[in-house]
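Q: From first to last, the protein sequence lines stand for chains G and S. Read in order, the letters of the first sequence correspond to residues 1 to 170 in the numbering used here. Read in order, the letters of the second sequence correspond to residues 1001 to 1569 in the numbering used here.
Calculated from the structure, these hints are not laboratory results. Glycine included, C-beta positions come from ideal geometry on N, C-alpha and C. Heads up, a few of these hints could be off.
For the chain S half of the interface with chain G, some residues (derived, Cβ under 7 Å), not all of them [stated by the list, open to error]:
{"id": "1", "residue": "LEU1121"}
{"id": "2", "residue": "HIS1126"}
{"id": "3", "residue": "ARG1179"}
{"id": "4", "residue": "PRO1304"}
{"id": "5", "residue": "THR1305"}
Within a straight-line C-alpha distance of at most 20 Å, the following computed SDA-like cross-link-like pairs (lysine to any residue) qualify [unchecked claim]:
{"id": "6", "chain 1": "S", "residue 1": "LYS1229", "chain 2": "S", "residue 2": "LYS1309"}
{"id": "7", "chain 1": "G", "residue 1": "LYS61", "chain 2": "S", "residue 2": "LYS1229"}
{"id": "8", "chain 1": "S", "residue 1": "LYS1309", "chain 2": "G", "residue 2": "ARG26"}
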Amino acid sequence: MQRILVALTDNEPGVLDRVASIFRRRGFNIHSLTVSPTLDPDVSRITLVTDLDDRAARAAKSFLERLVNVHSVEDFTDAGPLLRDTALIRVAAGPADRPGLFQLAAIFRAEILEVGPESAVLACCDAPERIRAFVESLRPYGLLEFGRTGVIAVRSSGDPASALHPAASF
Amino acid sequence: MRMKGADILCACLAREGVDLVFGYPGGAILPTYDALEASGIRHILARHEQGAAHMADGYSRASGRTGVVIATSGPGATNLVTGLATAMMDSVPLVAITGQVASPLLGSDAFQEVDVTGVTLPITKHNFLVREPEGIAPALREAFALANAGRPGPVLVDITKDAQTREAVFDWEGAEPRRHTRHLPPPVPEADLARALALISASRRPLILAGHGVTLSGAHRALLAFAEKAGAPVAATLLGLDAFPPGHPLYVGFMGMHGSPWTNQAIQEADLLLAFGMRFDDRVTGDLKAFAPYARKIHVEVDPTEVGKNVAVDVALLGDLREVLERLAPAVPALDSGAWLDRIAELRAAHDAPAWPPDPQGEGLSPTAVLRELSAQAPGAIWVTDVGQHQMWEAQVVPHGRPRTLLTSGGLGTMGFALPAAIGAKLACPEAEVWVVAGDGGTQMNVQELMTLTQEGLELNVAVLNNSYLGMVRQFQTHFYGDRRASVDLLAPDFGLLARAYGLKAASARTLDEAREAIREARAGGGATLIEFVISPEAGVYPMVPPGAGISATIHTPPPTEAPCSGSL
Ligand SMILES: Cc1ncc(C[n+]2csc(CCOP(=O)(O)OP(=O)(O)O)c2C)c(N)n1
């Protein structure tokens, strides 16, 4: 089952290594991992997407919490979090393909960053399933290059549960 | 005040109350050694950094104080790895300080550069790389605090050479540690205590499983008070053997792979297990599916990651064991456990002959008879054991019961641990009688530390149980590999000559009479003695639960079988 863990950590060298080690040692795969500083420059926010059963997820969470550099960890999976992932896609598309391409972009609220004689670059920031659907719809053009940031997650505004860390989850 | 980094380091050690450190010098840590010389802190020069790490570990286990080990960069630091892993597995508070190449050279594959924080990441509680003299005091203070906070463990501080030589302001107060409190469990809620008490009150066949946490949290008295008030019997893990008085009517004995069958059977028949500072290691539980099928479980543990890791529990009390026991004891009822104690006595009566465990069969000197003689002559000693058959015989035969009197590598099972750890223990407790119990294999692993022992003028005695085999491996081969003896036939040096070469007295014993005499002479003093006991080569450790089997599946005698086995030593 897909799990979304969000951790607040010290923003210092080596922390990501420690976090990733917890998963490596137990043979847990990481699907996506994003890190960025929070408004507090000393604190980073890590969003981890994995597929673990309940027991493994609990273990992963508590092993993460044992790390000295980790302030707090929350399993967002059941909280109906809002997820966003950004993809940059270069597709094979000549001038004749542009109308179709523009239509697709409009449907998926994607941005057209560049068009060239034989290819175009599009950006899409959306929920991971929507990005998957967008990519599928582009496939017939011919995908040339594809990069994705990985998922970031926040609780939905209707979720009353407490924030991760009063001082640092802005 | 502005000081050189190395002086700041020594000043921090002194303020942490450190008056003794273990180590081995080298280029990248030389500034610190230079400063140490002037600091008044005593330094014990080991012969190998692994030895130094085990010394600091033994010092900590025997005294409860934080052991400190110092090594240079590169090979010095990598030689600490086994010692750090040993301390990590047994939750021993340790601070390791390593030198590192100068900060401009970091990452350049400079001479003697190793990514030590990377190497030790999984075998330390935490580690630091310090590149600035300003960072030394905060890292060191945090390291000491972390080593002792919650579940203790080793912390490493890697300090670049230039950080040791450059100057900075020494600000002790400004370096107050903060991170160590981050994950300490809050006080156990009353509601959880009440749930535990309800389970205890409803129990007719309770059994306390005492582990290393009893010693680590100083809970011996609290455990005794709790057990006596509740009338609950107590079984011990290997590292819990010194947690409870062995002669006490409630003491049930040593559990697990080489534990007594009645102890393991009691676990299987219990309706409530009270796991106190133990972590359901696979050497204790055997096959989890067959473990304690009728028992509810209460786990008192300071490390949340241990709760529910191997065994699902009904109530988890997260916190310091002593505090929890001191809160529980006043409220715990006297249980109606008479019939249960009778049942355990009945189980025990089936095995508990005058000599338990029975002496192993085989020609020659019996190792258990030797250990019985040793413990009869030296009843108050600190026992420091290595890893192998002798370790298990010692655990079965020698009564421990005073805290911090059995030092052994339980979690990692590190051969070569005993001699250096005993040196640390003797330095921690100079008045105590200290005995090393080791095999001929393990003795050859860190034998060079005999010279450290002599250089420091320490009086401790070394008992080598020589069976001319890597005995425990041979026993596994006998049972699980059709008795095919691959690479266990071990040639040893003349231990007498060797001991004398290192400046010790030496004796050799082939009969019980010779053993008795040799022990008597060694104890009479006048220097350290190494006694080689030439024991029966084919003697085995029994009872034994095959790895991966349920703890009721006890093997009592050595008939070779060819059952396949996935165990490891
Ligand atoms: C460093 C290390 N290497 C290998 C092992 C595996 N091992 C466990 S017991 C044992 C044999 C020990 O032989 P010896 O020291 O002679 O003691 P005995 O079992 O004969 O009492 C070995 C090799 C280990 N525990 N530690």
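Q: Taking the hints in turn, state whether each one holds.
A: Taking the hints in turn, this is what the structure says about them:
1. Hint status for S:LEU1121 relative to chain G: holds, with the closest Cβ pair at about 6 Å, below 7 Å.
2. With a cut of 7 Å, the hint placing S:HIS1126 at the interface with chain G holds, because the nearest CB-to-CB distance is about 4 Å.
3. For S:ARG1179, the shortest C-beta to C-beta distance to chain G is roughly 5 Å, which falls under 7 Å, so the interface hint holds.
4. A distance limit of 7 Å between C-beta atoms decides the matter here; for S:PRO1304 the minimum to chain G is near 5 Å, and the interface restraint holds.
5. With a least beta-carbon distance of about 5 Å to chain G, the hint placing S:THR1305 at the interface is held under the 7 Å criterion.
6. Pair hint S:LYS1229 plus S:LYS1309 does not hold up; C-alpha atoms about 30 Å apart against a cutoff of 20 Å.
7. Of the supplied pair hints, the one linking G:LYS61 and S:LYS1229 is violated, its CA atoms being roughly 37 Å apart against a limit of 20 Å.
8. Distance hint between S:LYS1309 and G:ARG26 is fulfilled; the C-alpha atoms sit about 13 Å from each other, no more than 20 Å.
Violated hints, in rising order: 6, 7; the structure is consistent with all others.
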